[in-house]
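Protein chains in written order, with the numbering used here: chain G, 1 to 325; chain R, 1 to 341.
Treat each hint with caution, since some may be false.
Stated by the list, open to error - Under 8 Å between C-beta atoms, here's a sample of chain G residues computed to sit facing chain R: (1) S30; (2) L65; (3) R126; (4) A130; (5) E211; (6) V247.
As the list claims (entries may be wrong) - Below 30 Å or equal to it, Euclidean Cα-Cα: the simulated BS3-like pairs (lysine-lysine) are: (7) G/K122 to R/K204; (8) G/K207 to R/K204; (9) G/K125 to R/K43; (10) R/K43 to G/K121; (11) R/K119 to G/K214; (12) G/K204 to R/K57; (13) R/K32 to G/K5; (14) G/K28 to R/K57; (15) R/K32 to G/K125; (16) G/K28 to R/K32; (17) R/K43 to G/K214; (18) R/K43 to G/K204; (19) G/K289 to R/K32; (20) G/K292 to R/K228; (21) R/K32 to G/K214; (22) G/K121 to R/K32; (23) R/K32 to G/K204.
Calculated directly from the structure, the hints in this document are not laboratory data.
Positions of the beta carbon are idealized from the N, C-alpha and C atoms, including for glycine.
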Amino acid sequence: MDATKPLRNIAREILSRDDVACLIGYEKGSYGFRVAPCVLKDPDQADRLVFSPLCVHNLTNYLTLENIGPLAQKDGDADKIAIVVKACDSRALAVLMAEKGIDREKVVVIGVCSSGVVDLKKLEKRFPNAVENTEVVRRNGAFSVMYQGETVEVPAEELLSAKCMRCKNRLPVVYDELVGEPDEAPGDEFADVRESEARSVEEKFEKWHSELEKCIRCYACRNICPLCYCSDCALDRLNPQLIRRSVNYQENLLFHMTRAFHLAGRCIDCGECERVCPQDIPLMELNRKLAKDVKELYDYEPGVDPEAKALFATFRPEDPDEGIM
Amino acid sequence: MDTVILHKENLNEFLKSLGDIRLVAPVAENGKTRFEVVEDVDKAVIVLDDYTASPKKVMFPQTETLFSFKNSGAGFDTAAGTHPPVTVVFGIRPCDAKAFTVLDPLFSQDKEDPYYKEKRESTILVGNACTEPTNRCFCPSVGGSPGSTEGLDVLLTDIGDEYHVEIVTDKGKELLKGSETVLLDAPKDKRKAKEEVVGRSLAKIRRQVDLKMMHEILPGVFEHDMWKEMAEKCIGCGICTYNCPTCHCFDIQDEGSTATGRRIRVWDACMYPEFTLHASGENPRPDRSARLRNRMMHKFTYYPTNMGHIGCVGCGRCIELCPVNIDLIEILTRVREVINE
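Please work from the sequences and hints to get the whole structure.
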């Protein structure tokens, strides 16, 4: 399915509305396989939009970033923001709405049914050094990759993002407009988490010591995360300075553990933190472990039900004590 | 300049022949290539065909102790940080070596920075010419070359079964004194072989940007809306600055207690709001567009004006690693369009 054309038509209409300030979507990037987030303001710009398996970003992050998001918008006629979301991205919207981080009324949601996005690191390793803009198209069980003037067919599972291989539902949970129809999703049994749980404490300690030691604290994981949206992050504070500025295993551990725990019951498995990490730290392993615990302890999955309250805003007398640290 | 030949199978012998010197080289560790201290040449996996790692931290560590302090009751006793041993950085790319020549005037300008200077003086840079430049590389646009010796003491170029070894400085000459057994005299045609390799590399570099008069053009677009458009997708992380071989801003912090602790300097990034946040709460660079603009202005106007060098060596790491495809080449191309409009 080519979603680009219907997406452009919908976008053109939405951008013509008096109550919509801008539309956040994807456009072709500056080189190779790169696709970039874009903010459109005019119906004439709708033809810049694209949608393909290269649209990896979770754009909902922008709704709460300074100077774009509804939180920063002044009241007026054009006080709504339109946004393109995949199913996983829409779960971030659902959590943001449940937490009152954004107002549902202020967002026009264009849901796109994606059959899975590629893992750019895998793609660029296999097809290195593409300079001209290059396309990737999903055809049933394979990706067609245009590379050096030729079309190469690659079995989907060789390039798919890990999150897409365990996707639970390809229909966005929140939308005003919908592009395409959802495929059947593979489903998630937390097989990866079970595998890491089986390791000994010593093995886990050694692994995370060497992983977290690599962190350079660029905060890309935090800044790309749609659910890390505090305008004043406690970890940036100087007084009290909860985390020291020195970059070493100890402080890095504190940073990542604090962040992971703040995302317990909230992380919707968009995988953005891990995608952007310049040091290839498998951050999703931390988030996934907590997601599994939350599911097992409280039978709760963040973002799947847009009507549900946030996990930390609910209490049931039968809640187990194991979740209390 | 002296030129010698090193057979590839003698590489480890060569590295061992450098003697009792700290060796820092790009090693594969945990799926990532990083410049690290190599204790045992035979055991380490030295990766010479990877372009990801930058050795900036050898001269300018991310976290550096300036001194430690202890309250003795009668006052503070201070102790200097550690002194670096003589170090060889092996396998550094020409762009990353050039980056140190960009940083040199900054750290010696008004007052010599002893921490940088000490490491700079005790470090010998042995380069590895680029044979497979990537799609992010654009060093020729900023006056570099895949085979440039600028900033290097020795440059190795892979010319097939052997390395063409150029001894650029006296420091380099001194370093190779003990390696005579593995270094062979270079016949004249080897020079040509090197030039051919560099020529092939240059042909592979396809991204470029026109920087003619850029330092004068940029101030003319300071107030233009283009910065807002370009920065809308910026998430304000530190990837571009922390992976840049020429970015050099740092913060100074005291860590510990009033009884004992240390004063450190640690990398800082101009893309963070906190970077320019005043104690009053005022922030002169209040949003991401002001920060992105400053980063460009700093590299292409302020730095060349004040230090005589463009603050960019064309390594393209900021382009490759940016999570949202903010592309320095695209920005500078847009600047020229705006001026011509």
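Status of the hints after comparison with the structure:
| no. | hint | verdict |
| --- | --- | --- |
| 1 | S30 | holds, 4 Å |
| 2 | L65 | holds, 7 Å |
| 3 | R126 | violated, 14 Å |
| 4 | A130 | holds, 6 Å |
| 5 | E211 | holds, 7 Å |
| 6 | V247 | holds, 5 Å |
| 7 | G/K122 to R/K204 | holds, 22 Å |
| 8 | G/K207 to R/K204 | violated, 38 Å |
| 9 | G/K125 to R/K43 | holds, 26 Å |
| 10 | R/K43 to G/K121 | holds, 28 Å |
| 11 | R/K119 to G/K214 | holds, 22 Å |
| 12 | G/K204 to R/K57 | holds, 28 Å |
| 13 | R/K32 to G/K5 | violated, 40 Å |
| 14 | G/K28 to R/K57 | violated, 34 Å |
| 15 | R/K32 to G/K125 | holds, 13 Å |
| 16 | G/K28 to R/K32 | holds, 29 Å |
| 17 | R/K43 to G/K214 | holds, 21 Å |
| 18 | R/K43 to G/K204 | holds, 24 Å |
| 19 | G/K289 to R/K32 | holds, 24 Å |
| 20 | G/K292 to R/K228 | violated, 41 Å |
| 21 | R/K32 to G/K214 | holds, 9 Å |
| 22 | G/K121 to R/K32 | holds, 13 Å |
| 23 | R/K32 to G/K204 | holds, 19 Å |
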